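Chains A and L supply the protein sequences, listed in that same order. Start counting the first sequence at 0; every next residue gets the next number (numbering that gives the first Met the number 0). Start counting the second sequence at 0; every next residue gets the next number (numbering that gives the first Met the number 0).
Hints are supplied without guarantee of correctness; some may be wrong.
As the list claims (entries may be wrong) - Each pair of labels, with its calculated beta carbon distance range:
(1) A:427 <-> L:58: 16 to 24 Å
(2) L:204 <-> A:427: 29 to 37 Å
(3) A:491 <-> L:101: 32 to 40 Å
(4) L:43 <-> A:485: 34 to 42 Å
(5) L:135 <-> A:511: 31 to 39 Å
(6) A:486 <-> L:207: 48 to 56 Å
(7) A:281 <-> L:135: 44 to 52 Å
(8) L:271 <-> A:486: 57 to 65 Å
(9) L:107 <-> A:582: 29 to 37 Å
(10) A:287 <-> L:285: 42 to 50 Å
Claimed, not checked - Covered, in the sense of this in silico footprint (three residues per stretch, anywhere, with C-beta under 8 Å from a C-beta of chain L), are these stretches of chain A:
(11) 344–352
(12) 360–374
Please keep in mind that the hints were generated in silico from the structure rather than gathered at the bench. None of these values were measured; they are calculated from a predicted model. Even glycine gets a Cβ: it sits at the ideal position worked out from N, Cα and C.
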Amino acid sequence: MSRIGVFVCHCGENISRTVDVEQVAAAAGNIPGVAFSCDYKYMCSDPGQNLLKKAIAEHNLTGVVVAACSPRMHEKTFRKAAGAAGLNPYVCEMANIREHCSWVHENREMATAKASDIVHLMVERVKKGKSLAPITVPVTKKALVIGGGIAGIQAALDIADAGHQVLVVEREPSIGGHMAQLSETFPTLDCSQCIMTPKMVDVANHPNITLYSYSEIEKVEGYIGNFQVTVRKKARSVDESKCTGCGVCIAKCPKKKIPNEFDQGHGMRSAIYVPFPQAVPNTPVIDRENCTMFQSGKCGVCAKVCGPGAVDYQQEDTLTVESIGAIVVATGFKLYSIDRKPEGSMIQGYGEFGYGTIPDIVDGMTFERLASASGPTGGKILRPSDGKEPKQIVFIQCVGSRAREKGISYCSKICCMYTAKHTMLYHHKVHDGQAYVFFMDARTPGKGYDEFWRRAVEEEEAVYIRGMVSRMYQKGDKIIVMGSDTLVGVQVEIEADMVVLATAVQPQEGADLLAQKLGISYDKYNFYSEAHAKLKPVECATAGIYLAGACQGPKDIPDTVSQASAAAAKVMTLFAKDQLERDPVVAKVNEKYCVGCFACKKVCPYGAIEEKEIKDRQGNVVKVIAYVNPGVCGGCGTCQATCPSKTVELDGYTDEQIMAMIETL
Amino acid sequence: MTPKKRLNYSYYPGCSLHASGREYDISTRALFKALGLGLKEVPDWFCCGATPAHNVDELLSLSLCAKNLKMAEEVEGDLAVACAACFSRLKHAQHKITHDETRRRQVETAIDGPADVKKPVKHILEILAREVGLAKLEENVKKPLLGLKVACYYGCLLTRPPEVPELDDCEDPSIMEDILRALGAEPVQWSHRMECCGANFTLSRPGVVMKLSNAILDSAQFAKADCIMVACPLCHGNLDIRQESIENKNQASYELPIFYFTQLVALALGVPSTDLGFDSVIIDPRPLLREKQLI
Numbered sequence: 000m001s002r003i004g005v006f007v008c009h010c011g012e013n014i015s016r017t018v019d020v021e022q023v024a025a026a027a028g029n030i031p032g033v034a035f036s037c038d039y040k041y042m043c044s045d046p047g048q049n050l051l052k053k054a055i056a057e058h059n060l061t062g063v064v065v066a067a068c069s070p071r072m073h074e075k076t077f078r079k080a081a082g083a084a085g086l087n088p089y090v091c092e093m094a095n096i097r098e099h100c101s102w103v104h105e106n107r108e109m110a111t112a113k114a115s116d117i118v119h120l121m122v123e124r125v126k127k128g129k130s131l132a133p134i135t136v137p138v139t140k141k142a143l144v145i146g147g148g149i150a151g152i153q154a155a156l157d158i159a160d161a162g163h164q165v166l167v168v169e170r171e172p173s174i175g176g177h178m179a180q181l182s183e184t185f186p187t188l189d190c191s192q193c194i195m196t197p198k199m200v201d202v203a204n205h206p207n208i209t210l211y212s213y214s215e216i217e218k219v220e221g222y223i224g225n226f227q228v229t230v231r232k233k234a235r236s237v238d239e240s241k242c243t244g245c246g247v248c249i250a251k252c253p254k255k256k257i258p259n260e261f262d263q264g265h266g267m268r269s270a271i272y273v274p275f276p277q278a279v280p281n282t283p284v285i286d287r288e289n290c291t292m293f294q295s296g297k298c299g300v301c302a303k304v305c306g307p308g309a310v311d312y313q314q315e316d317t318l319t320v321e322s323i324g325a326i327v328v329a330t331g332f333k334l335y336s337i338d339r340k341p342e343g344s345m346i347q348g349y350g351e352f353g354y355g356t357i358p359d360i361v362d363g364m365t366f367e368r369l370a371s372a373s374g375p376t377g378g379k380i381l382r383p384s385d386g387k388e389p390k391q392i393v394f395i396q397c398v399g400s401r402a403r404e405k406g407i408s409y410c411s412k413i414c415c416m417y418t419a420k421h422t423m424l425y426h427h428k429v430h431d432g433q434a435y436v437f438f439m440d441a442r443t444p445g446k447g448y449d450e451f452w453r454r455a456v457e458e459e460e461a462v463y464i465r466g467m468v469s470r471m472y473q474k475g476d477k478i479i480v481m482g483s484d485t486l487v488g489v490q491v492e493i494e495a496d497m498v499v500l501a502t503a504v505q506p507q508e509g510a511d512l513l514a515q516k517l518g519i520s521y522d523k524y525n526f527y528s529e530a531h532a533k534l535k536p537v538e539c540a541t542a543g544i545y546l547a548g549a550c551q552g553p554k555d556i557p558d559t560v561s562q563a564s565a566a567a568a569k570v571m572t573l574f575a576k577d578q579l580e581r582d583p584v585v586a587k588v589n590e591k592y593c594v595g596c597f598a599c600k601k602v603c604p605y606g607a608i609e610e611k612e613i614k615d616r617q618g619n620v621v622k623v624i625a626y627v628n629p630g631v632c633g634g635c636g637t638c639q640a641t642c643p644s645k646t647v648e649l650d651g652y653t654d655e656q657i658m659a660m661i662e663t664l
Numbered sequence: 000m001t002p003k004k005r006l007n008y009s010y011y012p013g014c015s016l017h018a019s020g021r022e023y024d025i026s027t028r029a030l031f032k033a034l035g036l037g038l039k040e041v042p043d044w045f046c047c048g049a050t051p052a053h054n055v056d057e058l059l060s061l062s063l064c065a066k067n068l069k070m071a072e073e074v075e076g077d078l079a080v081a082c083a084a085c086f087s088r089l090k091h092a093q094h095k096i097t098h099d100e101t102r103r104r105q106v107e108t109a110i111d112g113p114a115d116v117k118k119p120v121k122h123i124l125e126i127l128a129r130e131v132g133l134a135k136l137e138e139n140v141k142k143p144l145l146g147l148k149v150a151c152y153y154g155c156l157l158t159r160p161p162e163v164p165e166l167d168d169c170e171d172p173s174i175m176e177d178i179l180r181a182l183g184a185e186p187v188q189w190s191h192r193m194e195c196c197g198a199n200f201t202l203s204r205p206g207v208v209m210k211l212s213n214a215i216l217d218s219a220q221f222a223k224a225d226c227i228m229v230a231c232p233l234c235h236g237n238l239d240i241r242q243e244s245i246e247n248k249n250q251a252s253y254e255l256p257i258f259y260f261t262q263l264v265a266l267a268l269g270v271p272s273t274d275l276g277f278d279s280v281i282i283d284p285r286p287l288l289r290e291k292q293l294i
């Protein structure tokens, strides 16, 4: 005979405002099999939990129903309390009378009746419930970091320093990401390369880090602690084990006029190249589309001049499978390239700004390269069209950001600060020049940030104009910028020599495809979704996968580094134990009755169903049936609903339990 | 070959096309005839209200358009509109009445009946580029407009606001250029495609028009255009009728013929130039067309 205890919570006034909790507790007391019922103002508080523990001991309870909030909120709390009192935690269930009842109803009488019904259902379910033991799965203590920008580098170094193996996979030929492209960084104006390149070298030299550059994620299988990740190493056409990085091939390559992506297309590179001199690894890659050897079969200069014989035109992509315990996704961002509306995109273009047709209108990243000592102009601010120094320069903020009518409603967060920085860099290099900034708001929260922006305005003579630009066009060698000054209430027209657009931050190309491989969710802009906006900012809803940096939303360097370290800490927490405990709410197959139709296998979204051979004593296979891998099972119950012979059941949600609930209604 | 069903359109010319912009009307009819498209004027149509109505009373403006749209329901085919202002007002009214329940009820009281405004309203540019299709236009070219450098001028109303006309990219359209390229002409890249010409201020504050239209003419000349192509009778008026006084005031010399796009398309499709109203404009385009051996 069951002896169930029912504990009804007021949740302050959240529940008791619309539900007569005393009546619910009293009604529960009359359900057959209920040995004890009571109500309390805050059941989750210490006294509330003690009430539950005491009742379990005093009334010798065999099961517990807590009528309170959603199980997502406090199921763990009460199961822990029940466990502490000696009860199996899995015979403690929540009856959700807050989200499902008091919050959504107004009529007190009807809400009270509904709350009583919900409690009754759960009592019946608990009566038929079984004691369950947590499942343990082994943890592979090796982390995968996807993306080798500052986020990935920070996360990888932190995990590796803790003594765990880390695999870093970077799509480009070198790690470093966008930070390696920057000239100087706000709010201290320290040189980006100077603080970034040592970290890149640390990654290359760390004994616990394996670096796969010029590689992409092909496939991800498995589950927390036990992922199987297939990595595609793209053919570099240079054998990494032989190459010494001497650079003779690059010097001798006859094809040298290819726009360098690292310099936003403004500098030139050869067909065999490293993206920038400080690249890690310092191993060149052949850009096959632009290589004469690959296009016409005639050249082969790099192979001839290579002393160690590292150039290999026959090299092919290779696939490597790695066992991984946790994944940090750090794929970063790209800047919105504004032109016409891309096909099938919800985002409109900015054709009215002449971007792409007027050469001296550039984006923020191009300006970084122009201002960088390692950039195509050697750090001189020279405009692309004729190499002249611009004496009037206009910066435009919020291009694409905070523009709902253009398709992006979010703030890109970094532009106010980097534009202020750009005006300073410009002022330091072009003493007789004048910088103008069109802005909507100056959003500069952060340590030392507002002071930095004020410095641009007050000391570095940037003229800030509050308003937006409507149109720009070329007139002679000037760019006419037509805008409005909304503080003065006039239309302004500036004859500029050069214009820099702070275009919106967007997730990297292919972010959605990677998310689909990983099984993580993303928003309509393709930014990856964290599990909880406030309380789980680095975890994905998919267990064992964590987020770092701008792939989750626009972020500056300090925020990115903080989040990367937080993600690394989460990985270390996971790796701190050899075994991982999981909720035992998983499906089980009754081997006696399973006929091996595998209808369940077809519908399982987790790929948890395996084929199991049943053998007789002689070792002959008698039949092949379904087996649910408890480590992979997500506990969704789809197999249970599908199974024609009712032989697969989800623990905690058995047919018997569900039927008992339905019968009470 | 199975004979294709003839496309028929109902037609709302608007006041200008019966008066100062009659060459727009003439060339539109000639163009439709050349393309084998049916065009039937909505009987008894009246003014859409244009700028004055919606500036004074939105309900008046919506009701005028609703009544016109309702009458158009009686004529077969989607409603073809040439004038940019009529197009803008009709589309706007349709959008407002469909999306704003309160406004719809007010309009229904005003016009004393249901506001059935579902008939698709289409600008003739849209009909040419999307329904006839650029490929078919190109196929039917009898006299390619080779060597003619044209500044395509959209003005304010044709594509704005972004959610209403659904004609093209609101700030960076290309529909006129696409059509011209199909005809063999050479659209120039220029800066003032979308700027305002001064519009109605031509009567009340001509100084504004002198300034704004001058910027447009200046920019077209800077881009080395032979002529400007428009889709709005008011723009045409300001750029054509006022051109000489603009030149005098700004000590400039433009002599830029202003075409309606219907005139150039019809010309390329082989309609005789005498049927396109070239004689009823101020800046005579015929010397240019002769120079380019198009007439």
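Here is what the structure says about each hint:
no., hint, in the structure
1, A:427 <-> L:58: 16 to 24 Å, "59 Å, violated"
2, L:204 <-> A:427: 29 to 37 Å, "47 Å, violated"
3, A:491 <-> L:101: 32 to 40 Å, "39 Å, holds"
4, L:43 <-> A:485: 34 to 42 Å, "47 Å, violated"
5, L:135 <-> A:511: 31 to 39 Å, "38 Å, holds"
6, A:486 <-> L:207: 48 to 56 Å, "25 Å, violated"
7, A:281 <-> L:135: 44 to 52 Å, "58 Å, violated"
8, L:271 <-> A:486: 57 to 65 Å, "58 Å, holds"
9, L:107 <-> A:582: 29 to 37 Å, "59 Å, violated"
10, A:287 <-> L:285: 42 to 50 Å, "57 Å, violated"
11, 344–352, "holds (count 5)"
12, 360–374, "violated (count 0)"
Consistency with the previously given hints fails for numbers 1, 2, 4, 6, 7, 9, 10 and 12, ordered from lowest to highest.
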